[in-house]
Amino acid sequence: MKKRILALLLAASMSVGLAACGGGGTSESPAGNSDTPSGNTPSGSGETVELTIWTYPIGKFGDYDTMQALIDEYTAANPGVSIKFELLDYTNGDTQVTSAITSGTAPDIIMEGPERLVTNWGANNLMVDLSDLWTEEATADIAATSEAVVNACQLDGKYYEYPLCMTTHCMAINYEVFEQAGALQYIDEETRTWTTDNFVKAMEAVRDSGLVAVPGIVYCGGQGGDQGTRALVNNLYSGTYTNADHTEYTANSPENVKALELIKSMVDNGSLNANAGFQAADELQQFANGTAAVTFCWNASNKAQYASQVAFTPYAMAFPSDDGEPELCGGIWGFGIFDNGDEAKIAAAKDFIRYICDDPEQSKESVQLTGFFPVRASLGNVYEGTETEADAAEFLTLMPYMGDYYNVIGGWTEQRTNWWNMLQKILTGGVDAQTAADEFVSASNAAIG
Amino acid sequence: MAQNAVATADKKPRKEKRSQFSGMSKALVRRETISAYLFLLPSLVFFIGFVVIPMIMCVVFSFQEMGLDSSATKFVGFANYIKMAQDPIFWKGFLNTVIIVVVAVPAVTAFSLWVSSAIYQMKAVTRSFFRCVFYLPVVTGTVAVTVVWKWMFNPYNGLLNQVFGTTGYDWLGNSATAIWCIILILFTTSIGQPIVLYVAALGNVDQSLVEAAQVDGATKLQVFWKIKWPQIMPTTLYILVITTINSFQCFALIQLLTSGGPNHATDTIMYYIFQMAYNNQNFGYANAMGVILAIIIAIFSAIQFKFAKTDNG
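Chains as they are written, first to last, in the numbering used here: chain E, 1 to 449; chain H, 1001 to 1313.
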């Protein structure tokens, strides 16, 4: 009997153990080593300050050699600082960060966008207030590019992100396939825009041409690259994702429901394909392979990543809209500092961020590494006279279409899961668009808190 | 004096206390027991540190509302359990988990036994070859395995659709087929260890009993069920329990292939726990589900112990 009880206890504990590992919010500061020698900020003298930086794959900030060179250059000039770095990916990065936070081993510096740095970690009191980095000069310079960037980096009067670059997320077409299918007539090549009606006609032309296995794939197998499907839905009939105050989700508005119904009808007639097993990376691979004629997840970074694989011209386009005036999702990337309670580390981290973002020489190079565009107006066109000037110009054309940066709304992480589940319900589950969109809004609004 | 002498005489041939089981003196038994516990101590420390304490923490956290901001943690009693009872996705996950267990465990056990019966009497080299073949998916990294399977299931240029001439069919994106794809992959990655164990267990079956039965005219089927099966029952019980727990905890395949979709068709309790903890950062609720999952596994294991118990097991 005792043996049996012990065996049952063992069996039960094996499953409980894993769940418990995910829990355990800690009352300690998120970053580990409080016993690290804290003497010197880069400007001082004495013992070395050890910093840890984690970066998501934002252009070449996701490349090992580039990061190593960048850090070597900084530490050579600042011998009082040593820096370790880790490269995250968008599939597992959030899990790694959450694990690190709960286990008290969060990095000192992290590079990503306001939806994580501000709305999630900042809102949970895990980040350092970077208001001192936001000098009057810096704020005015960034506001000159976009007031939305300044607003996105703060919450309740505290700045949790210091931005470096920005871009608009767009889509892309296989230019040669569109040309051969006679679909180029439906796009405005000068402005890189198209209307919803012309998008429908173009996709039907591609379908009828039989040049590709599938005209386009609406991926909804996970949250990866969901900005693409959100922008597609919102633009088709000029819907919005949230209200203007970013306090409620509005994906069940008549405009959005009409868009969802249109996509469903295109899936049904074969001019689009819905794939509930694909995320953006899978769809991008099919686009790069030439299997699909369009991708809904495109930007300069993706273009650089797939450049060596494509045997055609990937042509960046705005998302189709009924009035021909697209509103594209913006992307803002910069740095935040986890509050590890060690003032020397925090000071050193701020100095490193200043070097990357504000140093007259380095800031241009830093932006070039991302492949995106500077948030500081004073930097101008950082690609002028470089090898990538032509590529950058392609995406620069789309910058004026940047729409509302709604990613700062609460409940962001929950809504991402809700979004692709909603698409699955509509596109592969046969659920009515209005019903599924209502469920999405109800669940996502409840998560705003 | 005489009385004392009698008393002393009574005590002199005093019997040494002996264990009723081993026949050893109790002092010796005590010494051996202490030694045994000392040998167990290192494992016990790990067991307590990494299993028992997290288990207790899990139960405690399940009564709290807790997210990333630890200062906002508060006691909520059974609120997480009540929420769970009213959560349709949890129940969908529960149903999928049961389907995976009910299908995968018997299939893995039966197939492993069949393969092992076929190969255990082969030459050592041949037997090792087959063991390697079936064990390969176990030692291959889960990510590598799923990448290959994902390619095979690709609707546009995957191997399966090329073979069956069903280009465009979305195996993983279809609610009707997704969970069966997961079970198939789970099956291939689960059979390695049971086969190795069964081959060893069958090799240890007492041949004199087998020969005696054959001399008495027993058929092959009778030899298997009456002689071999009872002797490999402890191995079967172990395989059943381990495979059940692995099936309940099927996570990586789902995370890498379907993310629980489409339409929650492959959501399991284990995956939902991950979703809640790491995506939604709702640790209290995730822990509550962990407690319930543990209870479910314990119940399944109890049933297996009940039906697969042996006289010596």
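Careful: at least some of the hints might be erroneous.
[As the list claims (entries may be wrong)] Output of the computed footprint for chain H on chain E, the stretches with three or more beta carbons under 8 angstroms from beta carbons of chain H:
id, segment
1, 97–107
2, 264–277
3, 280–291
4, 412–423
In short, the hints are calculated from the structure, not lab data. Ideal placement from N, C-alpha and C gives every residue a C-beta, glycine not left out.
Now for the hints, and whether the structure bears them out:
{"no.": "1", "hint": "97–107", "verdict": "holds (count 4)"}
{"no.": "2", "hint": "264–277", "verdict": "holds (count 5)"}
{"no.": "3", "hint": "280–291", "verdict": "holds (count 3)"}
{"no.": "4", "hint": "412–423", "verdict": "holds (count 6)"}
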